[in-house]
Amino acid sequence: MIDRFALSIAVIGLVFILVRAIMLERARRARKLDDTGVNRS
Amino acid sequence: VKFDLAVTAVFIGLVLACFSRPHLLLLIYIWLDFIPYQQMSSGYFSQIPIALVLASLTMVSYCIYGRTVPNKFHFLHFALMVWGIWITATTTWAVAPEAAWNKWDWAFKTIAVAAFAPLVIRTRLHIEALILVMLCAIGANVFVAAFKTMLGGGGYNTLSMLLKRMMGLGESSTLAVVAVMILPLARFISLHSLIVGHRVLARLGYLTLLVLVPVCVVGTHARAGLLALLAWAGWAFLGLKHKLLTGSAAALCLYLSMPYLPSSWWARMGTIETHDTEASASARIAVWLWTIDFARANPFGGGFSSYLVNTVEYSIDPSQSRTLRGAGKAFHSIYFEILGEHGFPGIAIFALMVACFYTYAFRTYVAMRRSPENRWAADLSAAMALSMTVFLIGGAFIGVAFQPAHYLLFAVMIALRDIVGQERVKFAPAAVDGAAATKGLAFSPYVGPPATGGDR
Numbered sequence: 109m110i111d112r113f114a115l116s117i118a119v120i121g122l123v124f125i126l127v128r129a130i131m132l133e134r135a136r137r138a139r140k141l142d143d144t145g146v147n148r149s
Numbered sequence: 105v106k107f108d109l110a111v112t113a114v115f116i117g118l119v120l121a122c123f124s125r126p127h128l129l130l131l132i133y134i135w136l137d138f139i140p141y142q143q144m145s146s147g148y149f150s151q152i153p154i155a156l157v158l159a160s161l162t163m164v165s166y167c168i169y170g171r172t173v174p175n176k177f178h179f180l181h182f183a184l185m186v187w188g189i190w191i192t193a194t195t196t197w198a199v200a201p202e203a204a205w206n207k208w209d210w211a212f213k214t215i216a217v218a219a220f221a222p223l224v225i226r227t228r229l230h231i232e233a234l235i236l237v238m239l240c241a242i243g244a245n246v247f248v249a250a251f252k253t254m255l256g257g258g259g260y261n262t263l264s265m266l267l268k269r270m271m272g273l274g275e276s277s278t279l280a281v282v283a284v285m286i287l288p289l290a291r292f293i294s295l296h297s298l299i300v301g302h303r304v305l306a307r308l309g310y311l312t313l314l315v316l317v318p319v320c321v322v323g324t325h326a327r328a329g330l331l332a333l334l335a336w337a338g339w340a341f342l343g344l345k346h347k348l349l350t351g352s353a354a355a356l357c358l359y360l361s362m363p364y365l366p367s368s369w370w371a372r373m374g375t376i377e378t379h380d381t382e383a384s385a386s387a388r389i390a391v392w393l394w395t396i397d398f399a400r401a402n403p404f405g406g407g408f409s410s411y412l413v414n415t416v417e418y419s420i421d422p423s424q425s426r427t428l429r430g431a432g433k434a435f436h437s438i439y440f441e442i443l444g445e446h447g448f449p450g451i452a453i454f455a456l457m458v459a460c461f462y463t464y465a466f467r468t469y470v471a472m473r474r475s476p477e478n479r480w481a482a483d484l485s486a487a488m489a490l491s492m493t494v495f496l497i498g499g500a501f502i503g504v505a506f507q508p509a510h511y512l513l514f515a516v517m518i519a520l521r522d523i524v525g526q527e528r529v530k531f532a533p534a535a536v537d538g539a540a541a542t543k544g545l546a547f548s549p550y551v552g553p554p555a556t557g558g559d560r
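Sequences listed follow chains A and B, in order. When we follow this note's numbering, the leftmost residue of the first sequence carries the number 109, and every step to the right adds one. When we follow this note's numbering, the leftmost residue of the second sequence carries the number 105, and every step to the right adds one.
Derived coverage of chain A by chain B (criterion: at least 3 residues anywhere in the stretch with Cβ under 8 Å from a Cβ of chain B; other residues may be distant):
(1) 115-127
(2) 130-139
Result set (EDC-like, lysine to aspartate or glutamate): computed pairs, CA atoms no more than 20 Å apart in a straight line:
(3) B:K433 with B:E202
(4) B:K433 with B:D397
(5) B:K268 with A:D111
(6) B:K106 with A:D111
(7) B:K433 with B:E417
(8) B:K213 with B:E202
Simulated from the structure, these hints should not be mistaken for laboratory data. Keep in mind that this is a model prediction, so the values were computed, not measured. Here a beta-carbon is modelled for each residue, glycine too, at the ideal position from N, C-alpha and C.
Based on the sequences and whatever the hints tell you, model everything.
As structure tokens, this is what we get:
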């Protein structure tokens with residue numbers, strides 16, 4: 109039971125981290141910055 | 105089966121969402137490295153070679169989307185690759201070839217992932233995501249061990265942990281040391297996280313780990329864990345602003361918790377002082393002496409698992425009247441593990457990597473500490489240096505030289521050095537006050553997004 113709970117939290121944590129990372133990257137791309145922070149425009 | 109189906113659905117969704125982002129695919133792989141769900145599942149998931157699938161997808165994604173700006177040359181990165189080549193070379197002349205190739209299989213993958221990671225971990229956000237994934241995956245293991253300890257299930261080799269196999273974090277001493285290693289990283293996240301977003305949530309996570317990690321260390325009954333915890337506490341104490349206040353509070357907590365520490369834990373910790381009367385500690389010293397002789401006879405190492413050929417005699421009372429004999433006794437120390445398996449060149453390469461790591465950390469800290477905008481880089485390098493120190497102290501008593509945690513620290517340090525070492529970071533502080541905004545540096549990931557931006 110504890111194992112399953114911890115596993116569920118870990119999966120939810122992974123999803124949260126990846127989704128937040130994608131959101132933040134999209135926000136950064138919307139400002140036309142590349143992966144190293146340089147403005148492309 | 106229902107849980108397997110749910111996990112499968114989540115993974116398929118994540119892989120589809122992250123396919124154009126190789127760094128995020130790598131994070132899923134790293135998560136699975138710490139929580140190998142395919143080994144835990146009793147259903148169909150155990151039949152899927154998920155690590156292989158993810159590694160292949162990450163490589164494909166990298167080839168299509170990843171190769172943008174080339175990395176700078178970093179000596180640590182080069183040393184890491186040389187290390188991978190050297191451990192492969194020593195395996196070819198291994199004294200126990202079958203066991204050696206079995207260990208090489210996973211050890212080489214660990215190094216390959218660490219060498220590959222800096223190619224895709226290219227921004228502050230990427231670094232933070234990697235650290236958070238480590239915290240999340242290792243934290244789940246810590247949570248299970250700590251919670252079961254609080255319910256009275258602690259004990260050496262009797263604690264039921266998240267991973268049931270005696271490998272990786274399923275081994276109690278390894279879990280104890282790695283658990284302490286994540287504390288400095290958790291503190292960094294609590295101070296500088298962009299991904300968590302809410303500072304209160306990040307601090308709550310750190311405080312939770314501050315409670316769970318010591319409980320986990322006690323529950324595992326690992327002596328290496330206690331030493332790692334003391335190392336962390338000592339270093340962390342030196343960095344405290346309010347030493348007297350926080351030190352007193354910590355001492356009070358320790359005093360109040362003492363009655364709850366099990367007698368079996370006290371008995372096991374007592375063997376640190378009386379190592380000559382305890383079988384496990386005496387055998388360890390005998391193996392270390394054997395390793396030195398073995399390395400003299402085999403200066404280029406005996407390949408992975410070379411301890412299998414040893415036969416040692418050790419005494420379990422000071423008068424040496426009672427002697428035991430053991431064969432195939434493990435190294436129980438990263439230093440002797442490397443010396444016995446990869447010889448003097450191996451220990452030299454490893455020492456070089458560690459020295460490089462600390463040099464990078466020191467230089468980054470010194471360069472960034474006075475800049476409020478780049479303070480995160482200084483704090484991260486300090487946190488990683490402490491984390492590595494904890495590993496080097498705890499690892500002196502367990503054979504975890506090829507576990508992934510410290511190799512990921514190497515990878516993050518290379519990525520961090522790549523970020524702060526670039527020429528334009530010198531202009532980043534100016535970007536904040538707008539002077540360099542026209543140069544496109546105002547929202548640089550080095551300095552983080554602006555306070556009014558959507559990223560926070």
